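There are 2 protein chains.
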Amino acid sequence: MPQTSLPPSLHDALVQILGPSGVLTNPADTEAFCVDWRALYHGHCAAVLRPANTEECAKAVALCHAHNVPMVPQGGNTSMVGGATPDSSGRAVVISTTRMNQIHTIDHADLTMTVDAGVTLKAAQDAASAQGLLLPLSISSEGSADIGGILATNAGGNNTVRYGNARELALGLQAVLPDGNVLNLMRKLRKDNTGYALRQLLVGSEGTLGIITQAVIQLQPAPRSRETALCAVENPQGALNLFAAFRKQDPSAIHAFEFMSGTSMALVNGLIDGATLPLEAPAPAYVLVELASPRADDSLRSLMEDVLGSALEDGLVTDAVLAESESQRQSLWMIREEHAEAQKRAGASVKNDVSVPLAAIPEFIEAATKACEALIPGIRVAPFGHIGDGNIHFNLVQPEGADPAAFLAQDHAMMDTVAEIVRKLGGSFSAEHGVGQLKTYMMPSWRGGAELQAMRRIKAALDPQDLMNPGKVLPPAQA
Amino acid sequence: MPQTSLPPSLHDALVQILGPSGVLTNPADTEAFCVDWRALYHGHCAAVLRPANTEECAKAVALCHAHNVPMVPQGGNTSMVGGATPDSSGRAVVISTTRMNQIHTIDHADLTMTVDAGVTLKAAQDAASAQGLLLPLSISSEGSADIGGILATNAGGNNTVRYGNARELALGLQAVLPDGNVLNLMRKLRKDNTGYALRQLLVGSEGTLGIITQAVIQLQPAPRSRETALCAVENPQGALNLFAAFRKQDPSAIHAFEFMSGTSMALVNGLIDGATLPLEAPAPAYVLVELASPRADDSLRSLMEDVLGSALEDGLVTDAVLAESESQRQSLWMIREEHAEAQKRAGASVKNDVSVPLAAIPEFIEAATKACEALIPGIRVAPFGHIGDGNIHFNLVQPEGADPAAFLAQDHAMMDTVAEIVRKLGGSFSAEHGVGQLKTYMMPSWRGGAELQAMRRIKAALDPQDLMNPGKVLPPAQA
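Residue numbers (the UniProt record's numbering), protein chains in the order written: chain A, 1 to 479; chain B, 1 to 479.
Bound-form chain A, shown alone:
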């Protein structure tokens, strides 16, 4: 007797389609699918369904649709905003993409990979790399996050500055719609003006319009030269000026352009083993810049030296170190990648994944820093992030020695303080992480009026019974 609230006939029909291992109902098996990795949300589900391919997925969705059962698509379960966690009612099924995990083809003429939704980003990157190609999307959760998830959430990361978000990389797509029909957009075409942009709409809809089951991903030739430097600058404006200097020479060479505040860097240097600052002295702010190109000549090295040389001469950059080997390069990247971990070790922290227009970054950082310091004396304002995209992780670390719980009790005050400054500067309250369930409450005031109305109409048109990932992205309609 399965432990599930599903009607027995539906349960049996699902087992018929998916096989016994494709339908999990034992709480010991399903629990991990009902909690997000940050453990912010603890839900329940009637079952976890694990289709092995699009056809199985479509049949399972059609059955759930016919029985009015809500469905929560889930990839690697790495959402930052509770986007893949069921609610607490236990009515929904989680539909996991993990068993759809074939890499079908890598096409060297078109530079594409045809891949199932459940393949992890890391596995897809490795498969491309093994054939001398680059899958140009990189995020810190890439070992778990899967292709379906990164497309559903329009993931960003370090290389967006050069290659765009996940949406720009999806040349083709297949998705199971809320009624179980399969939307087959698995085309490999760079130009195709034959109707509405359904592919682009599905990407970033966070599983509320359908379940992405397969994709054609645009690849690139693998870089054969790479130059990486860590630079000290006076302030965020200095970082932006340096970005403009590189961009003026060759925007397509810039594979990553990352900002780190002095406060955040000091935490890394103090709390992470081996993360010593490889510069003469601490600075107010830092940039990690990586140039890359498939060209094997030395033009990238000249570009790096020319721009940094001028910047040092002009005082724009006060100190810099160039990676002279792959291990030095990895050390520089380690320093960048340990910011989240260092902040965690420093105590409680509040994350703000925001973006503003590039021109507004200095004003944003200055104003938001002042406002947060006024709100909580001793707070450690520790921003870092993808400054080349206007995307700052404006993270706030508790005062030294303060009570973590007391600090976190003010999280909404801090988030709202930051958000209001972002709003005034024409920014976004969620640059990369999406809306999920964590941020639906912000949608009416930020994306209200005609915009939210259009989203609601599209949702109702494609999912009139509100069965696909209900409660995500769109807040409940006001009565």
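These are calculated hints, taken from the structure and not from any lab test.
Be aware that a few hints might be false.
DSS-like mimics (lysine-lysine), calculated; alpha carbons at most 27 Å apart, straight line [what the hints assert, rightly or not]: (1) 344/A / 370/A; (2) 248/B / 122/A; (3) 248/A / 424/B.
Since the structure is predicted, the reported quantities are computational estimates derived from the model, not experimental observations.
Please arrange chain B on chain A, whose structure you already have, making use of the hints.
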């Protein structure tokens, strides 16, 4: 007394909003708006409305919506598929964007231009260029086509291979929805994951979901070096191999990669003054490749010479000429740009704007050539186009001395013959030109099932009265 079928109260209210010169009803004034530039469609309208800004446009649309009057948005009236021409009923108003023609700002930090829909693409390019920037979209109708039109149709052109279609360039957007509400998405953010991709959906919807009135366009630094070469190759596969050789070195250097068949080139050389082939002898096929970079050093020249040197050595390229001056460069581009004109002078012709995956291009060209030659003995199969995007203008020129009308009477047989081969190869029946009214009949068999159903549902959700550009993109629903 205005000559219009509009109710007098509506007419007066529109004049109140738009001013007397904003409402044209005299047939002498409106006629030009009712015929497409290819003169394939001759429609009628109740009036031409010419709002001067978004607010006026929104008020006018709300009024038409309240009176159930169909609306046909029109930019530069350069559609290849009758996308901006009203039907013959005379019920619709044409809403022209031409008076919304301000360039608001060019932002050097964000590299963006904020621009009204009615600014011509050429004027926008020139404004960017005057400030050392590049608006990286170029199409042959750019002197007339406007920003609203290129976004509504997701225009492509010569530089898509490097920068993508119009959709990829639109960072922000403002549109008037069918009910007169304004959708304000005028953000300047590279990362913003806060809900559905409405901007991407509006782009390419060909005016059926709303009227684009303003946009934020992503610019690039202007190129400071450029290398252009015309190359003779043995066949389409040779052209593709050359493309792969450049792409392997540096895909971002390739600003254009154009294919010309020997047949089409021979027409240009024979019928266009000054378009002499600058190579030793005619060849079966040609490539025009342009590399460009904002870098001022000589690395682009080395790249061009290295790749062409190897290709000549290997026999991949049989002859090549490099432009040594700007005037030589323009001569090479003139040869490419005169293909449409040369075909026109050669008699009647049928245009097929198709795309296939890159790997399928040789098979496509070979199979479609044979099939068309079998259909009409003596036909001159004269393909050319954006081979780097998989986009071939597979044009068919009448046999020498044949009767043009008799040739054109077989246009559907020719188009269907080509289309069936495209379909088998996973291609698209409209790569750049869109669907408009010319190709709606192809939608059910090419984009039918769940895809067309999803499009219809979205259309009904945003325009339940079917007032916005009715009869375009979506074919009439079957009774």
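The hints, checked one at a time:
1. 344/A / 370/A: At roughly 22 Å apart (the allowed maximum being 27 Å), residue 370/A and residue 344/A satisfy the hint.
2. 248/B / 122/A: Since the Cα atoms of residue 248/B and residue 122/A sit roughly 23 Å apart, the hinted pair holds (cutoff 27 Å).
3. 248/A / 424/B: Cα-Cα ~44 Å, so violated.
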